[in-house]
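Residue numbers (our numbering), protein chains in the order written: chain A, 15 to 346; chain B, 2 to 269; chain C, 479 to 727.
Worth flagging that the hints you see were computed from the coordinates, not collected in a lab.
Some hints could be false.
Said to hold, decoys possible - Taking lysine-lysine pairs in the DSBU-like style, the calculated list, with each CA pair at most 35 Å apart, reads: (1) C/Lys599 <-> B/Lys223; (2) B/Lys20 <-> B/Lys77; (3) B/Lys153 <-> A/Lys43; (4) C/Lys651 <-> A/Lys44; (5) B/Lys227 <-> C/Lys705; (6) B/Lys197 <-> A/Lys217; (7) B/Lys77 <-> A/Lys178.
As the list claims (entries may be wrong) - Label pairs and their in silico Cβ distance ranges: (8) C/Asn488 <-> A/Asp51: 28 to 34 Å; (9) C/Asn492 <-> B/Lys77: 53 to 59 Å; (10) C/Lys550 <-> A/Gln344: 57 to 63 Å; (11) A/Leu328 <-> C/Lys651: 38 to 44 Å; (12) A/Gln344 <-> C/Gln720: 52 to 58 Å; (13) A/Asn218 <-> C/Asn590: 24 to 30 Å; (14) C/Gly502 <-> A/Leu49: 36 to 42 Å; (15) B/Lys77 <-> A/Gln344: 44 to 50 Å; (16) C/Lys651 <-> B/Gly12: 51 to 57 Å; (17) A/Asn218 <-> C/Arg617: 36 to 42 Å; (18) B/Arg180 <-> C/Asn612: 35 to 41 Å; (19) A/Ile339 <-> B/Gly12: 27 to 33 Å; (20) A/Ile336 <-> B/Ile264: 22 to 28 Å.
Computed from a predicted structure; not experimentally measured.
The beta carbon of each residue, even a glycine, is placed where N, CA and C say it ideally should be.
Okay, here's what each chain looks like letter by letter:
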Amino acid sequence: MHMSDALLSPSVGAAFWAGTLGAITYASKKLRQNLDDRFIPLMGVLGAFIFAAQMINFTIPGTGSSGHIGGGMLLSVLLGPYAAFLVIASVLTIQALFFADGGLLALGSNIWNLGIYSCFIAYPLIYRTLAYSGKTRRAIIIASILSVVIALELGAFSVVLQTKLSGITELPFRTFLMLMLIIHLPIGIIEGIVTAGIVNYVKNIRPDIIENNAATANSSFKKIVIVISILAVITGGILSLLASSNPDGLEWSIEKILGKAGLSGGGDFVTNRLSEIQKKTAVMPEYNFQGKEKAVAAGTSASGLLGGIIVLALIFFIGMGIRIIKRGRQKP
Amino acid sequence: MTFDAEYFNIGYLDSLSYKDTFVHRLDPRVKLLVSFIFILYVVSFPKHELAGLMPFFIYPVFLLISGDIPFKAIAKKIIFVSPFAVLIGIFNPLFDKDVLIAFYGIQITGGWLSFFSILVKFILTVSTMLLLVAVTSFPGLCESIERLRLPKAFVIQLLFLYRYLFVLLEEALRMIRAREARSFNGRGRDIKTFVKFISVLLIRTLERAERIYHAMLSRGFKGEIKMRRKYRLGIKDIFFAIISVALFYVFRQYGVANFVGNILGGPG
Amino acid sequence: MSHHIIESNNVCFNYPDGTEVLKGITFRILHGESVGLIGANGAGKTTLLMNLNGQLLPAKGFISIGEIPLDKKTRQEIRKKVGFVFQNPDDQLFMPTVYEDVAFGPLNLGLNYEMVDERVKNALEVVGCLHLSNRPPHRLSEGQKAAVAIAAVMAMNPDILLMDEPASNLDPKSRRQLINLLKGFEHTKIIASHDLDLILEVCERCIVINDGRITADGAAEDILLNKTLLEENGLELPLSRQNIKSKEG
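Please take these sequences and the hints and turn them into a complete structure.
Next up, the structure:
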């Protein structure tokens with residue numbers, strides 16, 4: 015299950031979209047430079063493969079529950095980091111659009127969480143180093159488990175950060191973080207084992223495929239990875255700054271464009287004006303990391319609730335009415 | 002959801018997208034951007050806001066009715082993916098116990114307000130996204146993001162993935178049915194078997210990729226894929242965009258729900 | 479554009495692991511001939527076809543098409559004149575819509591959009607699929623996919639058509655449509671198939687392959703009605719010529 019739009023704020027969603035778009039552009043460019051024509055159908059079909067593979071469950075030993083693989087590390091081993099990132103991005107896009115697994119705004123964050131850490135950090139820094147030094151079955155298993163676990167933990171941490179910065183949920187930060195990190199440990203270990211199993215199997219039957227990729231390992235790539243890692247840390251830092259202090263920059267402009275709720279024209283003039291003022295001052299503490307200051311939205315009072323229900327009912331009944339009329343017209 | 006059900010699911014939404022209605026004919030760029038803006042507006046509401054969200058239902062309802070999309074199909078999908086949001090949101094009433102609204106002896110805490118706010122936001126954003134796909138063919142969406150300047154390599158990847166998704170799902174389905182016919186009492190579902198299963202599927206996939214590549218070569222492929230541009234922006238599209246965004250702005254800025262409630266003289 | 483003679487001279491081919499698949503294939507096919515390539519599974523039919531369009535290159539011997547020897551450098555050019563319809567249409571239809579699949583070849587030939595449009599519409603018309611232009615390939619029936627795959631190759635106006643098991647997934651009606659289509663084509667045709675009745679109807683000449691070698695090469699009618707010859711090569715008489723006794727008999 016991926017992040018949903020309802021738990022994100024516009025600024026966090028937009029920020030990670032910006033990051034992801036940058037990564038997609040960068041990966042595409044890199045791919046253009048070194049592209050082996052074969053990759054075009056290969057990437058597409060492998061994306062479909064990952065999709066199909068994710069739908070097949072296996073039972074997790076000891077728990078009796080079922081699980082499925084993510085596939086980020088496997089893709090990186092088969093295709094290299096740039097192509098793998100694009101494939102992951104495409105799989106997540108289709109999952110969001112056709113399965114509502116993750117939202118449209120959250121897609122940027124989901125691609126970041128599942129793609130960046132596995133393709134650009136865990137794979138080059140951990141898997142490559144460990145697997146290509148040994149090249150034995152064991153080296154691959156260890157490399158696989160370690161890199162997948164780290165990629166998943168980083169991804170999990172990302173999710174918690176994005177959720178908290180958005181300020182929609184009341185989940186206490188520490189508890190949420192602990193839960194996520196703990197849950198993803200066994201998931202990572204199992205996926206690491208499965209990935210290693212597949213890689214080893216494929217190596218036996220079609221060694222040429224894995225070899226193709228190994229050839230592109232070079233040191234300049236490591237430099238790029240370090241740069242990206244530093245950028246990732248800086249981006250994280252900037253986002254925390256944005257979130258915890260005054261709503262400058264991104265937030266402020268979004269508030270300006272989208273306006274503030276609460277202006278109402280009807281009845282209870284004074285109450286509404288008061289709550290309006292409360293709302294304006296309450297916007298800032300909403301994004302505060304510590305404390306639980308109340309953000310009292312003016313638009314939600316008892317009469318507001320009543321009005322809301324009525325509006326909702328109106329929309330649905332009119333909609334249904336139109337549909338019934340349409341259907342009636344269509345019948346011969 | 003079993004594999005079978007998921008497979009037919011994606012096919013169903015896809016088949017809806019090839020209908021011919023007013024919304025289906027709108028330029029996909031416009032639909033994509035308006036939907037994205039819609040989502041931005043919806044999630045921009047503060048966490049305790051509930052009533053102000055309601056008028057926004059007009060957009061997904063419009064897409065549904067105008068696009069002739071069956072209500073049940075969308076509702077089923079929303080319910081199916083909702084557990085995650087419910088699970089996270091349910092913590093709100095536990096932690097946020099300050100009473101924000103009180104009338105006629107009923108007390109509603111901030112926690113419950115924000116919980117329902119999450120649910121409503123969830124329904125609004127998920128339904129809009131599903132409807133977006135249902136009224137815009139996937140290739141149409143791909144064309145729109147290519148014209149919005151996203152890298153061509155990524156767009157081509159999306160198109161190929163979409164093309165071979167059904168093919169691969171069918172192949173996996175066949176393999177699963179074969180597995181089901183030969184495994185009993187949960188045996189055959191362990192990790193070792195799974196690895197072998199997936200590895201075989203992977204090898205087949207790699208071989209398929211080679212065959213496709215050769216088919217491409219034998220029709221003169223030299224590395225560049227030329228894509229067709231079907232859509233052109235028209236007056237209808239621009240009107241649709243302007244009216245929609247204007248409505249969103251009004252709903253966000255002015256408490257329509259409040260207004261209605263106050264007119265009817267609701268409890269203060 | 480005419481007089482493209484296909485010449486195969488002692489062609490030998492091995493798999494990467496060393497297995498010999500083709501062990502000295504020699505033949506000469508003239509412009510306009512329609513040749514059926516038959517043999518048991520694993521005899522080498524598909525491998526031979528793949529050698530004829532340069533997808534695979536012979537280990538020994540050579541192939542020349544219209545006097546141009548086939549090798550790594552010339553195969554791109556030769557593919558403009560040699561069209562290959564693969565066994566599995568899903569492998570051949572990879573674009574988002576039927577139109578774009580059929581247009582793929584002509585666009586790669588460098589034609590402008592108007593000419594491409596003309597070619598696409600003509601090709602789809604010939605196979606009876608013009609109304610499917612905007613459909614995505616995964617929404618086609620097997621018969622429609624096979625037809626569109628043929629159109630996609632035809633749109634390049636090849637002189638020579640290679641086909642690998644064209645009727646294998648077709649229902650009887652689609653198969654009949656395919657046979658009629660093929661009968662109407664004027665190109666040089668080389669069709670590998672297990673469907674001996676199809677070969678009998680469509681081809682005048684027949685080449686029998688057994689274990690990588692040609693064991694017979696002659697008029698289709700002679701070969702396909704020669705029970706002994708067919709059985710020696712792991713085949714049977716075409717179904718329409720067999721004396722199938724009814725169960726009451």
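Status of the given 28 to 34 Å range, CB of A/Asp51 versus CB of C/Asn488: holds (32 Å)
Between C/Lys550 and A/Gln344, is the Cβ distance one that fits in 57 to 63 Å? holds (60 Å)
Mind checking the alpha carbons of B/Lys197 and A/Lys217 for me, to see if they're no more than 35 Å apart? holds (13 Å)
May I ask you to test the hint 36 to 42 Å on the CB atoms belonging to C/Gly502 and A/Leu49? With a Cβ separation near 39 Å, C/Gly502 and A/Leu49 satisfy 36 to 42 Å, so the hint holds.
If you check the beta carbons of C/Lys651 and B/Gly12, does the distance land in 51 to 57 Å? violated (25 Å)
Taking the beta carbons of A/Gln344 and C/Gln720, is their distance inside 52 to 58 Å? holds (53 Å)
Starting from the hint 38 to 44 Å, judge whether the C-beta atoms of A/Leu328 and C/Lys651 obey it. Distance hint for A/Leu328, C/Lys651 is violated at roughly 54 Å.
Pair hint outcome, B/Lys227 versus C/Lys705 [Cα-Cα no greater than 35 Å]: Answer violated: B/Lys227 to C/Lys705 is near 51 Å, above 35 Å.
With 44 to 50 Å as the target window, see if B/Lys77 and A/Gln344 comply at their CB atoms. violated (23 Å)
For the hint 53 to 59 Å, verify it against the beta carbon of C/Asn492 and that of B/Lys77. Roughly 55 Å apart at Cβ, these two residues keep to the hinted range, so it holds.
Range agreement (Cβ of C/Asn612 with Cβ of B/Arg180, hint 35 to 41 Å): Given about 37 Å between the Cβ atoms, the range holds.
Would you say the C-beta atoms of A/Ile336 and B/Ile264 sit inside 22 to 28 Å of each other? At 24 Å between Cβs, range holds.
In this structure, the hints that do not hold are numbers 4, 5, 11, 13, 15, 16, in rising order.
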